[in-house]
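Given next are the chains, with one letter for each unit.
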Amino acid sequence: MGKDDLSTKKRRKLTTQTSNDAKLLPGDVYKRVVEFEESEAQIRSADKDACLFKKLCQDVRQIFSDVAELKAKGTDEAIEKITAKKIEASLILVALKKLNRLEKVRTRAGRDALHKEKQRVDSTHLLLQNLLYEADHLDKEVTKCLQFKSKDEEIELVPIKDFYRDAPAEISRPDITKTDEHQQQLARLEWELRQRRELAGVCSELVASKERVAAAIAAARSRLDALGPHLKDVLKATKPLQECLALRLDEKRAETQAAALLPPPLFLLYANAGAYSDVLGAKNVTVAISGDEDEARRQEQVTNEESDVVLSNDSDSDLDNIDEDLRDSKKKRHHRTAKISKEEKAEAKKKEVLKMHPLNVHVTVKNSDETSLNLVFSYMIHLKIVVVKFIMNVSKPVTGVSAADVLTGDCVLTELYIGDTGSDSPHPATAYLLNAAGISEPFSHFISEIGKPYIWAQRMCGLDFMTIVSGENKSNMNIQPCQSLSVTSVENFIFTLKKRLKARVELMKELQDLESGKIVPSKGFSCSLKLSGSLTQWQSITWHEYSQAPSTAHFISENLVTEANMLYRAIVTRQSAKLVALVAVCSDYPKKAPLFSLTMHWNGTHNALTNDDIRDIERVINTDWDPSAKVPCTLSSQIMKLLTCLDVLLESMGSPEFPPDKVMLQSVRGRNRMKPYKFLKQGAGVFVQY
Amino acid sequence: MLDKMLYNTILSQTLSPCGKYLVAGNIYGQIAVFDLDNIFNPVVELLTSDYNKPKQIHTLESGSQVCSLITTNKFLVVGTVNQISGWDWKAVGHSKLGKPSWTIEIRPQVQFENCDINCLWCSEDEEKLYAGCGDNIIYVFNLEDGRVIHTYEGHSDFVHCVHGNGQQLISSGEDGLVLLWDRRTKKSHNKIVPHSNSKVQRPDIGKWVGAAALDNDWIVCGGGPRLSLWHLRSLDVVTVFDIPDKGIHVSLFHDDCVFAGGVSKQLYQLSYAGDVRVELPVSATTVYSALLATQPRKVLSIAGSSPEIDLCTTFNYRDQVLHFR
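Protein sequences, first through last, are from chains A and B.
FYI, this note's numbering numbers position 662 of the first sequence as 662, with every residue one higher than the one before it.
FYI, this note's numbering numbers position 233 of the second sequence as 233, with every residue one higher than the one before it.
Hints are supplied without guarantee of correctness; some may be wrong.
Stated by the list, open to error - 30 Å max Cα-Cα, derived DSBU-like pairs, lysine-lysine:
1. 97(A) with 31(A)
2. 236(A) with 252(A)
3. 98(A) with 54(A)
4. 681(A) with 53(B)
5. 104(A) with 81(A)
6. 210(A) with 236(A)
7. 578(A) with 499(A)
8. 74(B) with 128(B)
9. 74(B) with 186(B)
10. 210(A) with 239(A)
11. 298(B) with 678(A)
12. 265(B) with 246(B)
13. 578(A) with 678(A)
14. 298(B) with 90(B)
15. 662(A) with 74(B)
16. 48(A) with 31(A)
17. 4(B) with 591(A)
18. 246(B) with 678(A)
19. 246(B) with 592(A)
20. 499(A) with 4(B)
21. 246(B) with 578(A)
22. 246(B) with 298(B)
23. 591(A) with 678(A)
24. 149(A) with 161(A)
25. 578(A) with 99(B)
26. 4(B) with 662(A)
27. 578(A) with 518(A)
28. 128(B) with 186(B)
29. 530(A) with 355(A)
30. 128(B) with 99(B)
31. 4(B) with 530(A)
32. 578(A) with 74(B)
33. 592(A) with 199(B)
34. 678(A) with 74(B)
Since the hints were derived computationally from the structure, they do not count as laboratory data.
All figures in this text were calculated on a predicted structure; none of them were measured in a lab.
Just chain B, same shape as in the assembly (with noise of 0.2 Å):
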């Protein structure tokens, strides 16, 4: 039988607080560490042929995928099947990783029926923890007593995306809804559907919504249908982007600019009007996360279905690319 790790895929990735350390998990279940000082600064001297393998690569579970990741200051929290573990960083960089230092069960009502943590996003003040989900709902949790704060309950199929801004939250989920969500409130008070935008949708694709994202005065979101430009206080679409996917994962702002992919050889930087800025080749044939990170160090490193990693320094062109396997 071949190696299956030719056949893997990244779902998540995150930067460690300290900028040192990318975590990315895949679908098997594992996680790898890679030290991207020694990526970057290389010694010469001690530079080996898998420096661009991960440093360590930890088996959290198998059979169940990793399908989110997200730092706190303190924390590396996984998103896996019907549980989110927290490790300390510290940990996280030795050989061995052991228990986690806390976990949450989510416990699905209908047996058979499992629970992915789909979504992870972390409020600013990094109190609430926000969890959306494949049982439909997204959960709130206090990040002090892992305890369930609220639900919010509104999709009627999983949730593939949760982004917030100030006090909206934005989710977005296979059953082609966008919902607008009110954190004092708890409640959805606004919701677009691009499938039945006769110039969004894209029937042959599906309606699920891949990716979405909150601006200040700006929704961007795409899925089956067309990644395109929402006014946040209208909710009318204003731009449609014309780039020739088959499905969009990945949508985030960044410096007036969308970053987008999804399934497609490229990953596109598009200005508000619609004009393509830069077009990154990337090595994974579906784009399933793109971590963009100013702080502690500047980089965009884009995974998916590939056992490659691109990462980009200037977020112009492809410098390097690490390899899970």
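Here chain A stands alone, though its shape is the one from the complex (with noise of 0.2 Å):
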């Protein structure tokens, strides 16, 4: 068999080699075998090994099968076969031993190899990551020099057009620069400092000159400093003559010179109420000038300086100006006292914008019996309005408690102008400068300390703050004092001053004759002369008390009569009976008549809201009054009637206790039935309805 010829073939092969190699020493022996087997191993295919040793697996499976053929047959035959089958097996597996040696040593040859591959595929590896960072570092360079930039940039130039047409052909030279655009650069650079240099030759020049005019100036100045002593004496020198003749022009300077240092809204009052002085005479009017000069001058300095600011901007100005002037005020202290409290700071703040102008002006009108009101009228510099104060001068004490009231100053000047009750600014500005400067009282709080700011003091000062409330145009806040209103104001203030006086001094009279007791009416006032009623009391009432009477909630709800009226009440009796009459008189008195509110207590107490005889008697002395028997209705003439009245009323109740002693033609007439209230001079008089 083909089959078993080449497995011996092999075998004897194999033998020869390990017969060859045991003759040699143990250890040589098994390097050479070990070195011998690689050699063989890399000569042979292993493919070939593969198919060799598949085909030896399949001969031993063979015999092992034909083995336990024979096995089964159990003949000596067939064991003699196995034991030859026995051999033949043991010589394959001997090959098959060899074959898996090689196969060993390939593998690991294999590894080795691909160890080796490893090695250098990470050498190369590495060696690329090198380059790469390589790259992007100069790339970075790259950039940063992309993005370097030069100081010259920061230099505003010359725009190119107006450098080729100005500069010299050696410096812009075009030829060159037109194409290169550095070198364009670096010659305007260069024309650039060539222009600044000679500015900067010109600027020293111009300083220079502007030195020697002031020098000049300064010395034109010394010359006429000098002057002034001349002048001063030729002054004293004309002074005896000037009282020789008697002259005032002295004090006249002196005060013109006050004048001009008056705020402007001032200066228009003064010379306007001067001038009417002078018109009137001195008896009438006479105006004056108080204060402190200098502090007048040294402010005056002050807001000329700071003048420019002020006439340019608007409203703000002032605003600023309280602050610095409060910042300067605070640092100054600041340097003095380490720790300002709050306080004293709000204090100062307070005081800085409450501010008057140092001067005022003093208008003192008189009237003919010596009774003269002295009005003090002071520029709040910051609020930019005109506060009045005032001191009345009587020329002879008046008796009387309720009498001495209506002349006080307060009262004399109470709603002059209707509504015009000087109790709060009239300038619309005033609450916000207030709150600007961190006040938060409102204007009102102040005036019992600086006076009243009235709205005809304003208008005499030429001040008019109603056109800015009417006017759209807010922002023009800053108001220039009016020649012409002023003009007309204190013209008209002069006259209603004086009739007002002259009324109130006609009123005290009255009121003291009505204190003791005395009615004595207007002359032309009809009235049936026996009068059985009396007056018993007349006293001045409080707003408080007059506002709690039952008998007056009509007046106060029709807003007839207000807290400032004054307040009287009178008290009328006839026996048991006894009327009491609340008398509001307004400050405008005699124009407006007094208003009579009363209350009777007879049979029960009655007033014109319960009882219509009371009503009716209110009725005739409010309101009946003839326009055309041109007697003025004064308070006298009114009680006088309240007397009339009351008689009338009581007689025709036809009570035992009131004889009647009237003439009256029906003591109660209509439907309402009505009293005789209005008397007739028809024989004795005669008292009818109507």
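Put the two chains together into one complex; each comes in its own frame, and the hints tell you how they fit.
The following block contains the structure:
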């Protein structure tokens, strides 16, 4: 069998090899065998060995199956054959072992080769990484270079067009620069440098000339100053002459000097009131200036320095000024005392805002009977309003409590013009200014301290706030004093005040009489002469007392009587009947008649709201005044009338306590049972209803 | 001087036949015309602050009061002093009141004396006009020609009030008498004297009787004496109303109720037994006029010594206040 041949051949070969090796030393032999087998493994093809291995395995399997067959036969022959087959199988196994070893060697060689290859790849990769890093670094350097900026870029240069036009050719070098941008830049820089140098030269020249002019001015001023003493000497020399001729030139001059320092509104007032005093004579009106002139002078200097700002800006500048002043004063104080308490600071702020001009104008209005009212006008620098304080001078001492009240300055000036109570600032910006200065109280809080800001006072000084309130031009808050307004207001005011003074003196006399129980009606007043009732009390009362009385409710609700009125209580009695009249005299008296509110105590308490008879009497006294009679409705006449009405009412009641002694056509008439309150001068005088 | 209108006193009121206008007359000789349509059904868009003021105020004659007002189908009849005038209702709403359509003059006998037309009452058939006057006489006029038909003389002082029912007429006066007249015989056939009745009298206020009204069976009257209900046939006092007034100027019957007002801050509605049904607060110090109408519109209008007129549509509370000023 072919198979067997091949296996034998092999076996032989193998045995020969082993026999050769056996002769050598065991170590050497091992080495050599290893070397041999390694070389053999390289020479032999692995694929062929694999085929051989498979074939040998097949052979072994074949032998095993043959043996199994033979064993089953169990014959001797078969035993023999089995022995033969055993040997054959052992040989094949040796060959298999050999193949196995070869395979092992080959595997190791392959692994080594793989390892070597891997190491090579690693080193190459490392190299690559290094190169990439280097490239990146270089890239960064390049961008850094590209972003570099030079100083010259910040300099504002003359535009290129102007540069080529103005610069000389040796600097501009258009042939090079027009093409080379860098050169162009250099040329422009050079041109810039040269120009700047030239300008610096011009500047220093101008400074020098200015100094020269200043020196010239100083020289001129010193000459003028030297002239002053001379003039003073001349003035001094004229003094004896003035005294001799009784001229008041000096005083006038001093006052005019002071007038120049007045703030514009007060100056207007001074000028106009002065003119009226000249025309009407010092007996009627006198004008004077008082206050600290030096302080005024200092202040004027300060304002002159700041005037540019003030003139150019709107009302906000006022605030700025205040703030500045405040800051200044704060700084000054800061040097002296390190710490200032908060209260002091607020106090200083308040003072600053409410600061008045150091100069005041005194206007004194005199009446024919030597009663005079001295008005002191002051100007509030920051609030820009005029406030008035006043002193009343009465010629004769006034007896009577309520009469004296009528002539207090406060009372005389109440509502001199309708609605002008002087209880709040007429300037719309005041509240804002106060707020801005951190003052929480309203302006009216300070009035008792600084004086009253009457609207007529503002108008006399030519300040008209109405126009601001009504006008849309809110931004123009800087009020310029108006000349014509001041002229007309001063005239109007002087005459109104004189009239008011006269009326008040008359009222005072009337009240004096009433307080002593006398009633002197004005001439031409027609009434029955026999009056049975009498005025037993006349005194002034407070608003609280007046408003608490039930009989006055309808006047107060109709707003006919307010707190500004002068209030009195008159008590008229006749036997057991008592009539209490609460009288409200308007500050405009006698233009507006006093209002009577009546309460009668007889047979119960009656007033106009509960009894028609009292209501009728009130109607007669408060409304029935014949305008054609041309008799002014005075307080005394009204009280006279009240007494008459009371008599008529009581006598027409038919009570035996009050026997009728007045002639009445009908004691009661009409469905409303009206009593005859109207007096007709017919015969002895008759009372009729209407 | 004060505006005299603050002390305005309204003595009389009447309603136009159409119910549109309320006319009020005051002591200054003025009549005010209020447009009730506008007051009760206002057009909201056209509503002004003076909607409760008169549409017109006409001054008839200054120096004399408008004492009484009454409406006939055609005319507004105004009683002032010495004169009764009639205006066509069409002219009343206009802005200018022209001359009256007719006038009746009453000449008093004595010089200086004037005759107030204190009260007007018109018979149901509108033929006769009864006028209670200041010269103690009740005049009866023919409305067709204005002639005096009769005079009823019996009072010794001026007449406060005249009211009639059927063939009976009642009048009350300052002399404290309440007289009952027969319209057929033209004679006073009965009288009551409240101030002599101890239950009714109030000597401290006076004896005058300011108001009297007649029903089929009852008489209500009051003034200085208390408000009291009398039986018509027996002339006995049946109820003395206990209300805190200081004089009665208005009393009338309506719907089994007595309405009464005067010197008091309330207008009272009382049952015949004397119970107070409603107390209506009023603006006036003294109520001189209470106009009660159910046709053509239901309204109670109360006026007196105040520029304000109180209007009630339900008779139970004050709806609106008009201002005559």
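Status of each hint after checking the structure:
In summary, the hint linking residue 97(A) to residue 31(A) is supported, as the alpha carbons are separated by about 19 Å, within the 30 Å threshold. With a CA separation close to 16 Å, the supplied pair residue 236(A) and residue 252(A) stays within the 30 Å bound. Restraint check: the Cα-Cα separation between residue 98(A) and residue 54(A) comes to about 14 Å, which is no more than 30 Å; the hinted pair holds. At roughly 39 Å between alpha-carbon atoms, residue 681(A) and residue 53(B) are farther apart than 30 Å, so this suggested pair is violated.
With a C-alpha separation of about 35 Å, the suggested pairing of residue 104(A) with residue 81(A) is violated against the 30 Å cut-off. For a cut-off of 30 Å, the pair hint linking residue 210(A) to residue 236(A) is broken: about 40 Å separates their Cα positions. Between residue 578(A) and residue 499(A), the direct Cα distance comes to roughly 36 Å. Violation of the 30 Å bound is thereby established for this hinted pair. Note on residue 74(B) and residue 128(B): the hinted pairing holds, with a Cα-Cα distance of about 14 Å set against a maximum of 30 Å.
Of the supplied pair hints, the one linking residue 74(B) and residue 186(B) holds, its CA atoms being roughly 27 Å apart against a limit of 30 Å. A C-alpha spacing of about 44 Å is found between residue 210(A) and residue 239(A), which places the hinted pair above 30 Å, so the restraint is violated. Distance restraint check for residue 298(B) and residue 678(A): the Cα-Cα separation of roughly 41 Å exceeds the 30 Å cut-off, and the hinted pair is therefore not satisfied. Proximity of residue 265(B) to residue 246(B) is assessed by CA-CA distance (about 10 Å); at most 30 Å being required, the pair is judged to hold.
This hinted pair checks out: residue 578(A) and residue 678(A) have alpha carbons roughly 22 Å apart, not beyond 30 Å. At most 30 Å may separate the alpha-carbon atoms for a hinted pair to count; residue 298(B) and residue 90(B) meet this at roughly 22 Å. Distance restraint check for residue 662(A) and residue 74(B): the Cα-Cα separation of roughly 46 Å exceeds the 30 Å cut-off, and the hinted pair is therefore not satisfied. Between residue 48(A) and residue 31(A), the direct Cα distance comes to roughly 26 Å. Compliance with the 30 Å bound is thereby established for this hinted pair.
Restraint check for residue 4(B) and residue 591(A): satisfied, since their Cα atoms lie roughly 17 Å apart, inside the 30 Å limit. With a C-alpha separation of about 25 Å, the suggested pair residue 246(B) and residue 678(A) falls inside the 30 Å cut-off, and the hint holds. Under the criterion of a C-alpha separation no larger than 30 Å, the hint pairing residue 246(B) with residue 592(A) is inconsistent with the structure, at around 35 Å. At roughly 28 Å between alpha-carbon atoms, residue 499(A) and residue 4(B) fall within 30 Å of each other, so this suggested pair holds.
Annotation: proposed proximity of residue 246(B) to residue 578(A) holds, straight-line Cα distance about 20 Å (limit 30 Å). With a C-alpha separation of about 29 Å, the suggested pairing of residue 246(B) with residue 298(B) holds against the 30 Å cut-off. Restraint check for residue 591(A) and residue 678(A): the C-alpha separation of about 23 Å stays at or below 30 Å, so the hint holds. Taking the CA atoms of residue 149(A) and residue 161(A), the gap is near 24 Å; set against the 30 Å cutoff, the hint holds.
At roughly 48 Å between alpha-carbon atoms, residue 578(A) and residue 99(B) are farther apart than 30 Å, so this suggested pair is violated. For the proposed pair residue 4(B) and residue 662(A), the alpha carbon gap of about 27 Å is at most 30 Å, so the pair holds. Distance hint between residue 578(A) and residue 518(A) is fulfilled; the C-alpha atoms sit about 18 Å from each other, no more than 30 Å. Simply put, residue 128(B) and residue 186(B) have alpha-carbon atoms about 13 Å apart, close enough for the 30 Å limit, and the pair holds.
This hinted pair does not check out: residue 530(A) and residue 355(A) have alpha carbons roughly 62 Å apart, beyond 30 Å. With a CA separation close to 23 Å, the supplied pair residue 128(B) and residue 99(B) stays within the 30 Å bound. Between residue 4(B) and residue 530(A) the CA atoms are separated by roughly 28 Å; this keeps the pair inside 30 Å, and the hint holds. Distance restraint check for residue 578(A) and residue 74(B): the Cα-Cα separation of roughly 52 Å exceeds the 30 Å cut-off, and the hinted pair is therefore not satisfied.
Taken as a hint, the residue 592(A) and residue 199(B) pair is broken in the structure, with Cα atoms around 51 Å apart against an allowance of 30 Å. A threshold of 30 Å between alpha carbons decides the hint, and for residue 678(A) with residue 74(B) the separation of about 38 Å lies outside it, so the pair is violated.
The structure fails to meet hints 4, 5, 6, 7, 10, 11, 15, 19, 25, 29, 32, 33 and 34 from the earlier list, while all remaining hints are met.
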